[in-house]
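Note that full-length UniProt numbering numbers the sequence shown so that position 217 is 217, with each residue one more than the last.
Wrong hints could be hidden among the right ones.
Stated by the list, open to error - Straight-line Cα separation of at most 27 Å, BS3-like style, residue types lysine-lysine; simulated pairs:
#  : residue 1 : residue 2
1  : K162      : K55
2  : K28       : K162
3  : K288      : K172
4  : K196      : K168
5  : K55       : K28
6  : K115      : K18
7  : K52       : K106
8  : K28       : K172
9  : K115      : K172
10 : K55       : K199
11 : K172      : K196
12 : K250      : K288
13 : K28       : K52
14 : K18       : K162
15 : K298      : K106
16 : K18       : K168
17 : K106      : K55
18 : K199      : K24
19 : K55       : K24
20 : K28       : K115
21 : K168      : K199
22 : K288      : K196
23 : K28       : K63
24 : K168      : K55
The hints are simulated quantities; they were obtained by calculation from the structure and are not laboratory data.
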Amino acid sequence: MARVSNGLQIPLSWIPAKDGILPKNAVKADEAIYVARCQIDNDLICGKFSEKYGKAYIPLDGKELEFTNYEVLCNTGIPGCRVGYEWIMMNGGDVPENALVAGINKFGTPLYIVKAVIEGEVSVGKVSLILLSVDVYLLHHLFVMARVSNGLQIPLSWIPAKDGILPKNAVKADEAIYVARCQIDNDLICGKFSEKYGKAYIPLDGKELEFTNYEVLCNTGIPGCRVGYEWIMMNGGDVPENALVAGINKFGTPLYIVKAVIEGEVSVGKLIQGESSGCFPWGGDERKCEYYEVLTLKY
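Work the whole structure out from these sequences, hints included.
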């Protein structure tokens, strides 16, 4: 995760796609080549997405396998907040601090994201510590995420959706209520997705606004690797260490993800840094509550 003020944001996300679609802000390895990963049986393998061919390709058991269903690594950082990543040349078994782990093989070994030039063309693939023996570039994130072995993984991702679709492994706040966020002009605001109504709702300028285009926070952690999140009760504007920042308002102030009970129902909303109450969408209005739970990354 990348630090924003007293909290953490999610600068990179694994976005599911298919049939040649390239999600916006994809992480580029070279011209028309992007970082991707695919699931096959018990292997979650990193590789490349070729914009030219509209497919993802992964290396497995001596072959190049192609997929029309894949996940693409994308920049989902908060606008104006410094985030970044870089490719670092390595060889001989060395891995830089904070190298990104994208997958895991059937033996439970973490797989790092790497790229190399193969017969004059850049390709993206995988490497484990026990196999790293050639000169490769490893994708190195400049900030902290959830640690796996000697590297870092991306345990939570912002997945774009619309028209009532709920992405798999969505982070639940309560029964049929999930963590979401929406963009409106210069505000990126966290709120709730209601599975019952098939819409996202955010609090803004005293009102509850509804959206049919939204992002949902989802668990994209590597199976079997210990990561997690928790809701921590706070009040009066306080936030715990590693609280998740989901958005930013038009004044550049970070917004934390919070939930509270409003008239007997759980709602998810925003806590504006420096204010003493959380703001929640409920019943057409923006409601405030001094007592709230903050979504926090748990290592």
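These are the hints, each one checked on the structure:
At roughly 23 Å between alpha-carbon atoms, K162 and K55 fall within 27 Å of each other, so this suggested pair holds. For the proposed pair K28 and K162, the alpha carbon gap of about 25 Å is at most 27 Å, so the pair holds. Annotation: proposed proximity of K288 to K172 holds, straight-line Cα distance about 21 Å (limit 27 Å). With a C-alpha separation of about 16 Å, the suggested pairing of K196 with K168 holds against the 27 Å cut-off.
The straight-line distance between the Cα atoms of K55 and K28 is roughly 15 Å, inside the 27 Å bound, and the hint therefore holds. The hinted pair formed by K115 and K18 meets the criterion: a straight-line CA distance of about 22 Å does not exceed 27 Å. Taken as a hint, the K52 and K106 pair is broken in the structure, with Cα atoms around 30 Å apart against an allowance of 27 Å. For the suggested pair K28 and K172, the alpha carbons sit about 31 Å apart, so the restraint of at most 27 Å is broken.
For a cut-off of 27 Å, the pair hint linking K115 to K172 is broken: about 35 Å separates their Cα positions. Taking the CA atoms of K55 and K199, the gap is near 31 Å; set against the 27 Å cutoff, the hint is violated. Of the pairs offered as hints, the one joining K172 and K196 holds, with about 13 Å between alpha carbons and a cut-off of 27 Å not exceeded. Between K250 and K288 the alpha-carbon distance is near 19 Å, which keeps this suggested pair within the 27 Å criterion.
For the hint pairing K28 with K52, the CA-to-CA distance comes to about 13 Å; that is within 27 Å, so the pair holds. A hinted pair counts as satisfied when its Cα atoms are at most 27 Å apart, and K18 with K162 qualifies at roughly 16 Å. For a cut-off of 27 Å, the pair hint linking K298 to K106 stands: about 26 Å separates their Cα positions. Note on K18 and K168: the hinted pairing holds, with a Cα-Cα distance of about 15 Å set against a maximum of 27 Å.
For the suggested pair K106 and K55, the alpha carbons sit about 23 Å apart, so the restraint of at most 27 Å is met. With a C-alpha separation of about 22 Å, the suggested pair K199 and K24 falls inside the 27 Å cut-off, and the hint holds. Between K55 and K24, the direct Cα distance comes to roughly 16 Å. Compliance with the 27 Å bound is thereby established for this hinted pair. For the proposed pair K28 and K115, the alpha carbon gap of about 11 Å is at most 27 Å, so the pair holds.
Using a Cα cut-off of 27 Å, the hinted pair K168 and K199 holds, with the two alpha carbons roughly 16 Å apart. With a C-alpha separation of about 23 Å, the suggested pair K288 and K196 falls inside the 27 Å cut-off, and the hint holds. With a C-alpha separation of about 23 Å, the suggested pairing of K28 with K63 holds against the 27 Å cut-off. Between K168 and K55, the direct Cα distance comes to roughly 22 Å. Compliance with the 27 Å bound is thereby established for this hinted pair.
In this structure, the earlier hints numbered 7, 8, 9 and 10 are contradicted, and the remaining ones agree with it.
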